[in-house]
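Protein chains in written order, with my numbering: chain A, 1 to 462; chain B, 1001 to 1255; chain C, 2001 to 2266.
If you are wondering where the hints come from, they were derived from the structure by calculation, not from laboratory data.
Computed from a prediction, not measured in an experiment: that's the story for all the values here.
C-beta: ideal position from N, C-alpha, C; glycine also.
Treat the hints with care, since some could be wrong.
Residues from chain B that keep clear of chain A, each with C-beta distances beyond 12 Å, as calculated [as the list claims (entries may be wrong)]: (1) N1037; (2) N1219; (3) L1242.
Label-pair ranges, simulated between beta-carbon atoms [said to hold, decoys possible]: (4) D197/A / E2164/C: 30 to 40 Å; (5) I2242/C / L1060/B: 30 to 40 Å; (6) T128/A / V2016/C: 48 to 58 Å; (7) K387/A / K2258/C: 40 to 50 Å; (8) Y2009/C / D197/A: 43 to 53 Å; (9) T2213/C / L1060/B: 29 to 39 Å.
Here are the chains, one letter per residue:
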Amino acid sequence: MKGNDYIIEFKNICKSFGDKCVLNDVSISVKQGEFLTLLGPSGCGKTTLLRMLAGFGSPDSGQILINGTDITDVPPHERPVNTVFQRYALFPHLDVYDNIAFGLKLQKVPVNEIDTKVRKVLKMVSMTDYEDRDVESLSGGQQQRVAIARAIVNQPKVLLLDEPLAALDLKMRKDMQIELKEMHRKLGITFIYVTHDQEEALTLSDTIVVMNEGKIQQIGSPTDIYNEPQNSFVADFIGESNILNGKMVKDRLVEFVGHEFECVDEGFGEDVAVDVVVRPEDIYIMNRLEGSQLSAKVKSCTFKGVHYEMFVDTDKGYELMIQDYNAFEPGSEVGLFIKPADIQVMHKERTCNTFEGEIVDESHVKFLENTFECPEGHGLEAGDKVKIEVTFASVELIDHPEEGMLAGEVHFLLYKGDHYHLTILTDDGDHLWVDTNDVWDKGDLVGINIAPKDIKLVKYND
Amino acid sequence: MTKRSTWALPYAIFLVLFVALPLILIILYAFQDGSGNFTFANFTKFFRDADAIGTFALSLEVAIENTAICILLGYPAAWILANKKLNKSAVTIVLFIMPMWINALMRTLATAELFHMLGVQLGKGTLLVGMVYDYLPFMIYPIYNILDRMDKSYAEAAADLGATPWQVFWKVQVPLSMPGVISGVMMVFMPTVSTFAISEFLTNNKIKLFGTIIQENINSSMWNYGAALSLVMLVIIGITSLLQDNKKEVSGGIV
Amino acid sequence: MKRFFAQCYIWLLLIVLYAPIVFIAVFSFTESKVLGNWTGFSTKLYTNLFTGDMQGTGSLMSAIENTLVIALVAAAVSTVLGTIAAIGLHNMRGRGKQAISFLNNIPMLNPDIITGVSLFLLFVFLHVSQGYMTVILAHITFCTPYVVLSVLPKLTQMNPNIYEAALDLGATPFQALRKVLLPLLKPGMISGFILAFTMSLDDFAVTFFTRGTIGLDTLSTYIYTDARKGGLTPELRPMITIMFLGILLLLIVINLRKIRNSNKAE
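So here's chain A without its partners, still in its complex pose:
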């Protein structure tokens, strides 16, 4: 095990609460001195993972190593890590000094040494002269500093930070980000940081781990993650982006928004459906059409401080978001141009819904814990196992959950230029993907219908 320079290794961590899987085969290796951020929306498993490292909660399977030693079963107080907790968890019955000295006193460090250390760390977080203050009388930012001081005074090998800036206002958050980065440089220890704020992650980290629904979506440096998202979730979660359905015509040539574009990607094969990501600042917008790849009409233009944000309708009816330093009047005809290197082509995770099912009779099939009518003449026996395919566009969503064959909730949505791509979580906990032109919001309760003609049965070979 020894011989690599990883200070922390998560190996194939799985964890479920009840029948909800919160971590699904997560493996991460962290280098000594690295600033690593676990980034994802709430409920993605990032905090659970961090808490496991601190010793609160153990994985159902998998291992956690620190310096090559398995610490999966070591209790929290014996682990060489310290945590800055969400909402800080400063002890209200102790003053600032005693909060910071708490860990040192437990280690029976001599009193004068405690004193020197506490004062040094207070200076480091610019809280000198606050020793005797009651922690509840401090502002959020000050409590934050004390929480950091309390953790780093113990000289941990790894500092864990669980959304430490979430409770601060924007201005303070920005200042603290800079200070944290500076502190990381000075201390030279490993930081593991949990946040749902993508901007914070991009600013602070050496490495970002993007997580969603208990799975790692992508691991990489901030620039990698931003410029080369590996799937539409990452592209949507990090920064603003236009995510579009596309087709890889051949190597270095991709088709989307009804046009063919040169790109730099190879090896996808020919005529393969893909997702295409173009960042809004990577679309060049101009008043003339010569030299442009396609024409468009400006729909709206909003000043955003540094730049203008515009929505345009392309000649083939797709909506794109563009950011530019120049404003273009709504209604004006413009030309657009995208450089090959700015087009990010990604494999599609799926091209239609597929379910496991079982034939009930000549015209009925059972899947998603429900019986659906299906086209007759499939020639299969009742009880035969089949694969069911349903295209994204043929799933119908209705307002009233109780009127659908299935009920569910809009879980995630993605605008794809001319339609929405929704992820629906059914009441039974299954996922369904739907393309629709109707506008839904995250969290909407919906009914789901699938017409018999849209259910395609695929026989298993064996």
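Given the coordinates of chain A, assemble chains B and C onto it according to the supplied hints.
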């Protein structure tokens, strides 16, 4: 905006009439003799009366002992009840709360009868045991409440900083649960120091407590002396209330 | 293992705590005049209690009736008075609010005997003859603070714009109160009422000092006099058993509802 602040007026008048005025009357009567003249005689009488002083001291002693026993027995119980790992069922919690809802005299009577049947000699021993029976739930409930609501992250932060489970308990959870203990002390000490019926039942009138003396004096129309004794008790209560923090936990929410 | 010892401790404590009541309940099913003397199973004490076929029944039955009437009236008046006061208090600032809050806390902090003696002196001072009326007034005095403290948190938790939203949508102040404010305060009022009701049922000392000499008895004062006479009226045994079971049932219902509600919230 609206004049809804005036809505408190009827209650304010009610409070002045039925809370403030009666307390002022206690003070007034305490410093008067039977014919309404100002005097300290009621107090000098009390301080010179060895019996009365003895009873007063005994009342304090019993109340302190009862409170201490209730903490010793009640804290571990509250701790176990609030700990999800040690106690999963809500039934035990309800069972501990329930006696608080039952008429105290009935419970005391039942206890006294049980002693009687078991042939235990009624006296100070039975008085203490009976009072613990009566007041233990009032100690457990506020401590349980505060432990149950305590933010888990304090214990986690302590463990994270290197505290063993035992250290987490003594250095973090016990100090943080002190407001609950203080509420419990108020709910146990105050009624025990002032009770009269309960002590009469539990000792078959063998041992008099301070409350009994007040009651006897009031009932035999010695209002001024009774008021003076009440004032002495009020002072004790006042001192005890100082224990309680300004940001006190209201522990009334049983429903 | 730790869990086993913990559970042992808890149940041991509960067994000891409930022993007297269980003992009373067991002996409510025998006719013996003396407790602890089992003379065979019988429900005679229960039938006696309900048909009133016993010595001195009249006074026990009327004591029960008095207890319930006083508790109901006191709880109802306290709920109305306390809710109105809470709304007023919530809209007050500064000294007045502090003063009322301070006075409101006194009956809760004061031992019963002090409340009883002080009210006794008040009625003597005002030359009010003591009886039903004074007992009810006294009960309202120590019950209302609990209602105020049950209703106030509901007001502070409430979005302050809710009342204004109702006015904005065209409700008169009275309509806004009736259709918006009161429904939102209802849970607090109900728990205040229940608290007041049980406080009143439980009271002994305050009633003892304010009932005068007209021979008015509530259950508590009846038991007190009865016990001092020496020997418990046997019919009190089924009485205690029934009250115990009634409260057990009430608490089970309340807690089941609470658990079901919190399940729904998840």
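Okay, the hints, checked on the actual structure:
1. Non-interface status of N1037/B relative to chain A is upheld: no Cβ of that chain comes within 12 Å, the nearest being about 52 Å off.
2. Every Cβ of chain A is farther than 12 Å from the Cβ of N1219/B; the closest lies at roughly 47 Å, confirming the non-interface assignment.
3. For L1242/B, the condition that its CB be more than 12 Å from all CB atoms of chain A holds, with the nearest at approximately 19 Å.
4. Range check, D197/A to E2164/C: about 34 Å between beta-carbon atoms, so the 30 to 40 Å window is met.
5. Between I2242/C and L1060/B the beta carbons are some 38 Å apart, a value that agrees with the proposed interval 30 to 40 Å.
6. Taken as a hint, the range 48 to 58 Å holds for the pair T128/A and V2016/C, whose Cβ atoms sit roughly 56 Å apart.
7. At about 47 Å, the beta-carbon gap between K387/A and K2258/C stays in the expected band of 40 to 50 Å.
8. Separation of Y2009/C from D197/A is about 47 Å and conforms to the stated range, judged on CB atoms against 43 to 53 Å.
9. As the Cβ distance of T2213/C to L1060/B is approximately 32 Å, the hint placing it in 29 to 39 Å holds.
Taken one by one, the earlier hints all hold for this structure without exception.
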